[in-house]
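A.B. asks: Sequence:
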Amino acid sequence: MQNQSWLKSVGRQIEHRLTGTLPETVRHNMYMELWVSIAYGAFFAASISFIPVVLRRLGASADMLAVYTSQQFLGSALASLSIVVMRRRRTMNVVVVCWLFGRAMLLFWAFVTQTGWMIVLSAIFWLLEAFPSPGYTRILMKIYPPEARGKIMGLVRLGRVGAILLVTPLAGWALDHWSYQILFPLAGAVGILSALLFRRLQVDEGHLPARQTKALRELIDIPRNDPRFARFLLSFSVYGAGTLISWTLYPIVQVDRLHLSYSQIGLLGFVQSIFWLLGFIYWGRQVDKRGGLWVLRANTVINLVMPLTYFFATSPWMLLPAFMAGGIVMAGWDMGAINATIQLADKERVTEYAAVQSTVVGLRGMIMPFVAAGMLRLGLPINGIFLTSIVLIAIAWLLFGTVAAPGLSPEEAAEQQRLHYQWPLRWRFPRF
Numbered sequence: 001m002q003n004q005s006w007l008k009s010v011g012r013q014i015e016h017r018l019t020g021t022l023p024e025t026v027r028h029n030m031y032m033e034l035w036v037s038i039a040y041g042a043f044f045a046a047s048i049s050f051i052p053v054v055l056r057r058l059g060a061s062a063d064m065l066a067v068y069t070s071q072q073f074l075g076s077a078l079a080s081l082s083i084v085v086m087r088r089r090r091t092m093n094v095v096v097v098c099w100l101f102g103r104a105m106l107l108f109w110a111f112v113t114q115t116g117w118m119i120v121l122s123a124i125f126w127l128l129e130a131f132p133s134p135g136y137t138r139i140l141m142k143i144y145p146p147e148a149r150g151k152i153m154g155l156v157r158l159g160r161v162g163a164i165l166l167v168t169p170l171a172g173w174a175l176d177h178w179s180y181q182i183l184f185p186l187a188g189a190v191g192i193l194s195a196l197l198f199r200r201l202q203v204d205e206g207h208l209p210a211r212q213t214k215a216l217r218e219l220i221d222i223p224r225n226d227p228r229f230a231r232f233l234l235s236f237s238v239y240g241a242g243t244l245i246s247w248t249l250y251p252i253v254q255v256d257r258l259h260l261s262y263s264q265i266g267l268l269g270f271v272q273s274i275f276w277l278l279g280f281i282y283w284g285r286q287v288d289k290r291g292g293l294w295v296l297r298a299n300t301v302i303n304l305v306m307p308l309t310y311f312f313a314t315s316p317w318m319l320l321p322a323f324m325a326g327g328i329v330m331a332g333w334d335m336g337a338i339n340a341t342i343q344l345a346d347k348e349r350v351t352e353y354a355a356v357q358s359t360v361v362g363l364r365g366m367i368m369p370f371v372a373a374g375m376l377r378l379g380l381p382i383n384g385i386f387l388t389s390i391v392l393i394a395i396a397w398l399l400f401g402t403v404a405a406p407g408l409s410p411e412e413a414a415e416q417q418r419l420h421y422q423w424p425l426r427w428r429f430p431r432f
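Per my numbering, residue 1 is the first one in the sequence shown, and the count goes up by one each step.
It cannot be assumed that every hint is accurate.
[Stated by the list, open to error] Calculated cross-link-like contacts (lysine-lysine; reagent style BS3-like; alpha-carbon spacing at most 27 Å):
id, residue 1, residue 2
1, Lys347, Lys289
2, Lys142, Lys347
3, Lys142, Lys289
[Said to hold, decoys possible] Label pairs and their calculated CB-CB ranges:
id, residue 1, residue 2, range
4, Ile220, Trp173, 22 to 28 Å
5, Ser61, Ser263, 22 to 28 Å
6, Arg290, Glu24, 25 to 31 Å
7, Ile182, Ile220, 42 to 48 Å
8, Gly59, Arg27, 48 to 54 Å
Hints are computed from structural coordinates only; laboratory data are not their basis. Quick reminder that beta carbons are idealized off the backbone N, C-alpha and C, glycines included.
Model the full assembly from the supplied sequences, consistent with the hints where possible.
C.D. replies: Quick look at the structure:
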């Protein structure tokens with residue numbers, strides 16, 4: 001009993017140091033979502049992170065990989081329709097039902113051997129996984145206080161990355177020695193468990209604000225009437241275009257040029273997870289201190305490392321910088337995108353703003369992989385596509401600098417932008 005009391009006391013001290021004093025309901029939600037995150041991390045590591053390589057090894061062409069990459073944004077492109085679904089239904093129910101049915105698709109991988117059917121199952125999964133994302137953003141806004149939201153989200157996501165850190169090397173070994181037909185269904189069962197645990201969050205949703213229940217065509221008016229959000233969407237789109245044309249080609253380099261085994265990819269994923277974990281610790285603090293916009297822009301320039309690394313890679317371990325940067329950026333964009341939307345949105349229309357952003361992200365994501373495949377078909381070398389990616393990401397970094405955070409005077413906004421453009425030279429890693 002004394003040992004348990006001592007461990008509980010130490011745990012409370014660590015929690016207080018990381019997040020500060022929290023109300024009991026917020027603490028319950030934080031710990032429950034931590035378990036959700038751990039289960040999701042195991043699900044992700046044992047299935048989603050390996051699907052492109054499995055497809056390539058089974059003979060998927062560059063066009064088919066483009067289809068798979070594109071379908072990952074299918075749910076985002078249709079996310080605006082989720083507002084219609086949530087008009088007369090609790091947001092939590094919509095989110096959980098979509099996740100349950102989507103993750104159940106992984107169970108059917110036990111019976112498929114043809115890449116075409118794999119693409120079909122993946123399309124259903126990605127559609128239902130991302131479709132309720134505006135509702136998920138709304139739930140996070142409801143359950144966590146704004147002054148501590150970044151630190152709490154960072155702590156919760158440490159559970160996800162910790163699970164990925166442990167499971168990824170084991171999953172790579174399992175794929176080398178067993179089969180995806182065994183591993184992916186097991187991962188799907190864990191993903192279903194994660195969705196069921198999410199249902200146990202305590203959230204007082206209330207009613208959707210009246211303005212959020214009007215016609216979908218009114219969503220178009222948001223970027224028209226909010227120039228700052230329109231600039232944000234433009235920056236986001238250019239960044240995504242640069243990222244996705246190279247992202248589509250990463251599995252081709254890994255399999256065709258470098259001949260990586262599943263175990264080697266698992267070890268590289270292990271390194272990525274370490275930096276993913278560290279990223280959540282750092283970016284969570286920066287979200288609360290500087291806001292989601294700043295975090296997004298910082299990660300934009302860090303992401304340049306990935307296409308640069310693949311441009312020069314001639315051996316498996318030359319990909320280490322790409323996987324390290326990938327971990328940092330995954331944490332930063334996970335934290336930054338949600339919080340930037342909340343930061344920029346009308347507080348009574350967060351769900352609508354999130355829906356607009358998801359739709360833009362989805363349309364961009366569905367188009368750009370085919371652009372990359374088309375560039376290959378036209379004879380442009382892979383390194384030429386990586387160079388195009390680098391240029392677009394650099395342009396996105398400049399564009400993000402034109403988006404001023406809300407609540408600033410014109411003088412403060414001008415100073416913020418000036419510092420934005422000095423950031424690569426003046427930024428220093430802060431002390432914890």
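A.B. asks: Hint by hint, say whether it matches the structure.
C.D. replies: Going through the hints against the structure:
1. Taken as a hint, the Lys347 and Lys289 pair is honoured in the structure, with Cα atoms around 19 Å apart against an allowance of 27 Å.
2. The hinted pair formed by Lys142 and Lys347 meets the criterion: a straight-line CA distance of about 11 Å does not exceed 27 Å.
3. Restraint check for Lys142 and Lys289: the C-alpha separation of about 20 Å stays at or below 27 Å, so the hint holds.
4. For the hinted restraint 22 to 28 Å between Ile220 and Trp173, the CB-CB distance of approximately 49 Å leaves it violated.
5. Between Ser61 and Ser263, the C-beta spacing of about 25 Å keeps the proposed range 22 to 28 Å intact.
6. At roughly 29 Å, the beta-carbon separation of Arg290 and Glu24 lies within the given 25 to 31 Å, and the hint holds.
7. Look at Ile182 against Ile220: about 47 Å separates their beta carbons, and that is inside 42 to 48 Å.
8. For Gly59 paired with Arg27, a C-beta distance near 50 Å keeps the hint of 48 to 54 Å intact.
The earlier numbered hint that this structure contradicts is number 4, and it is the only one.
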